[in-house]
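**Q** Using the sequences plus the hints, can you model the full thing?
If you read the sequence shown in this note's numbering, its first letter stands for residue 3, the second for the next number, and so on.
Simulated from the structure, these hints should not be mistaken for laboratory data. Being a predicted model, the structure only gives us computed values, none of them experimental. A couple of the hints might just be wrong.
DSS-like, lysine-lysine: derived pairs with alpha carbons at most 25 Å apart [stated by the list, open to error]:
no.	residue 1	residue 2
1	K5	K30
2	K215	K187
3	K288	K252
4	K158	K187
5	K325	K262
6	K252	K295
7	K290	K328
8	K242	K252
9	K242	K188
10	K128	K188
11	K328	K252
12	K295	K319
13	K157	K30
14	K242	K277
15	K157	K128
16	K277	K81
17	K81	K158
18	K5	K188
19	K157	K187
20	K288	K277
21	K65	K30
22	K187	K295
23	K319	K262
24	K252	K65
25	K158	K30
26	K181	K215
27	K181	K218
28	K288	K325
29	K30	K64
30	K181	K157
31	K188	K290
32	K218	K187
33	K295	K262
34	K187	K252
35	K262	K277
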Amino acid sequence: MTKRIMHLDMDAFFAAVEQSDNPELRGKPVIVGGAMRGVVSTASYEARRYGVHSAMPVFQAKKLCPQAVFLPVRMNRYKEASCTVMEILRGISPLVEQVSIDEAFVDITGTERLHGPPCALADRVKAAIREATFLTCSIGIAPNKFLAKISSDYKKPDGLTILEQEQVGEFLRHLPIGKIPGVGKKTGEELRNLGIAFVSDILKFPPQFLENKFGKWGAVLYSKARGIDNSAVEPCGDPKSISCEQTFAKDTGNVAELEKMLLSQAEEVGRELRKLGFKARTVTLKIKFSDFKTISRSRTFPDPFDTTDLLFNTGQKLLLDLKLTKTVRLIGIGLSNFSSGPCQLSIGQSREQTERQGRLDRALDRIRSRFCADVVVRGRMIDD
Numbered sequence: 003m004t005k006r007i008m009h010l011d012m013d014a015f016f017a018a019v020e021q022s023d024n025p026e027l028r029g030k031p032v033i034v035g036g037a038m039r040g041v042v043s044t045a046s047y048e049a050r051r052y053g054v055h056s057a058m059p060v061f062q063a064k065k066l067c068p069q070a071v072f073l074p075v076r077m078n079r080y081k082e083a084s085c086t087v088m089e090i091l092r093g094i095s096p097l098v099e100q101v102s103i104d105e106a107f108v109d110i111t112g113t114e115r116l117h118g119p120p121c122a123l124a125d126r127v128k129a130a131i132r133e134a135t136f137l138t139c140s141i142g143i144a145p146n147k148f149l150a151k152i153s154s155d156y157k158k159p160d161g162l163t164i165l166e167q168e169q170v171g172e173f174l175r176h177l178p179i180g181k182i183p184g185v186g187k188k189t190g191e192e193l194r195n196l197g198i199a200f201v202s203d204i205l206k207f208p209p210q211f212l213e214n215k216f217g218k219w220g221a222v223l224y225s226k227a228r229g230i231d232n233s234a235v236e237p238c239g240d241p242k243s244i245s246c247e248q249t250f251a252k253d254t255g256n257v258a259e260l261e262k263m264l265l266s267q268a269e270e271v272g273r274e275l276r277k278l279g280f281k282a283r284t285v286t287l288k289i290k291f292s293d294f295k296t297i298s299r300s301r302t303f304p305d306p307f308d309t310t311d312l313l314f315n316t317g318q319k320l321l322l323d324l325k326l327t328k329t330v331r332l333i334g335i336g337l338s339n340f341s342s343g344p345c346q347l348s349i350g351q352s353r354e355q356t357e358r359q360g361r362l363d364r365a366l367d368r369i370r371s372r373f374c375a376d377v378v379v380r381g382r383m384i385d386d
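**A** In structure tokens form, the structure reads like this:
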């Protein structure tokens, strides 16, 4: 049976959602990202013509495209659209591996009798997504995940590329080396210094040479150059971590300001943890200093917990233990090491106090879910 993997990638997802929600933005350059000191999350294709791309500093994007409409990230709205897309995909196959908020692999092997040929199936998926979300996507269908991902990027936006097994060799012969997922700027330069400009050029070197130079990645490169990728489509399980981080508009060494931001993040992360029905054991604090040096500090508890107070108190303790000597550009907090079990008692609290804190958290979660996140705030969040 011929293996067929579909890779679906939404086109300029965040910006496209904004243009869909606000028709006045259609046809205009739209850039979704943080504040002036943040980075671009997504740029519409109109903005990309000016050289704007994801992960570019916002201040640089404004220089390249000052006429663009700059919008804040609305993650809840994007998650809502993403859920709609993923439900459509799960309607054609139980083997759906969501790899990010806007892309997924689907194993459609052997579905021809149910859905018809791959081209017809892809057209129906694109039409269903367009009808449900008013968004476009690009689809690649190929014998494995590696080739499917490359194919989906081949004719963006709103593209469809179907690669048959007998076409793989010719396809890779003309494919630039930088198109291989995982080949970044540094690795790309090293490969080009060896005279490797196209994927097929990799095969000019023996596998052992590539492995000696690039380690395990060298062996992976050689396999990909032959069009081989045996990785399976794995339906996503539970998330492994939850985190939130924020870049300040201006570097700060004010501990009170850092703690206030940390509390806001702890509430968001704690709310997400409880929404998923999990408890966590590990708290991680992330700090990026004004010189762009980034550090993280973690603490792991013997028992899982899900209360905002313990999350914040732990993050606060990790922050104070740093004894800051430089101003801070970014702060973030996260949870990991999920498990089930009895809740950890908060430091200095009885079990009754911890259970009371848990009931309070859930009451606040229900209120914020029904109204909005800012309808109820803790006293220490209010400026003097």
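**Q** A separate judgement is required for each hint: does it hold in the structure or not?
**A** To see whether the hints hold, each was checked on the structure:
{"no.": "1", "hint": "K5 to K30", "in the structure": "violated (41 Å)"}
{"no.": "2", "hint": "K215 to K187", "in the structure": "holds (16 Å)"}
{"no.": "3", "hint": "K288 to K252", "in the structure": "holds (17 Å)"}
{"no.": "4", "hint": "K158 to K187", "in the structure": "holds (22 Å)"}
{"no.": "5", "hint": "K325 to K262", "in the structure": "holds (17 Å)"}
{"no.": "6", "hint": "K252 to K295", "in the structure": "holds (16 Å)"}
{"no.": "7", "hint": "K290 to K328", "in the structure": "holds (10 Å)"}
{"no.": "8", "hint": "K242 to K252", "in the structure": "violated (32 Å)"}
{"no.": "9", "hint": "K242 to K188", "in the structure": "violated (29 Å)"}
{"no.": "10", "hint": "K128 to K188", "in the structure": "violated (36 Å)"}
{"no.": "11", "hint": "K328 to K252", "in the structure": "holds (13 Å)"}
{"no.": "12", "hint": "K295 to K319", "in the structure": "holds (20 Å)"}
{"no.": "13", "hint": "K157 to K30", "in the structure": "holds (21 Å)"}
{"no.": "14", "hint": "K242 to K277", "in the structure": "holds (15 Å)"}
{"no.": "15", "hint": "K157 to K128", "in the structure": "holds (14 Å)"}
{"no.": "16", "hint": "K277 to K81", "in the structure": "holds (14 Å)"}
{"no.": "17", "hint": "K81 to K158", "in the structure": "holds (22 Å)"}
{"no.": "18", "hint": "K5 to K188", "in the structure": "violated (33 Å)"}
{"no.": "19", "hint": "K157 to K187", "in the structure": "holds (23 Å)"}
{"no.": "20", "hint": "K288 to K277", "in the structure": "holds (23 Å)"}
{"no.": "21", "hint": "K65 to K30", "in the structure": "holds (16 Å)"}
{"no.": "22", "hint": "K187 to K295", "in the structure": "holds (21 Å)"}
{"no.": "23", "hint": "K319 to K262", "in the structure": "holds (13 Å)"}
{"no.": "24", "hint": "K252 to K65", "in the structure": "holds (19 Å)"}
{"no.": "25", "hint": "K158 to K30", "in the structure": "holds (18 Å)"}
{"no.": "26", "hint": "K181 to K215", "in the structure": "holds (20 Å)"}
{"no.": "27", "hint": "K181 to K218", "in the structure": "holds (19 Å)"}
{"no.": "28", "hint": "K288 to K325", "in the structure": "holds (14 Å)"}
{"no.": "29", "hint": "K30 to K64", "in the structure": "holds (14 Å)"}
{"no.": "30", "hint": "K181 to K157", "in the structure": "holds (13 Å)"}
{"no.": "31", "hint": "K188 to K290", "in the structure": "holds (23 Å)"}
{"no.": "32", "hint": "K218 to K187", "in the structure": "holds (18 Å)"}
{"no.": "33", "hint": "K295 to K262", "in the structure": "holds (22 Å)"}
{"no.": "34", "hint": "K187 to K252", "in the structure": "violated (30 Å)"}
{"no.": "35", "hint": "K262 to K277", "in the structure": "holds (23 Å)"}
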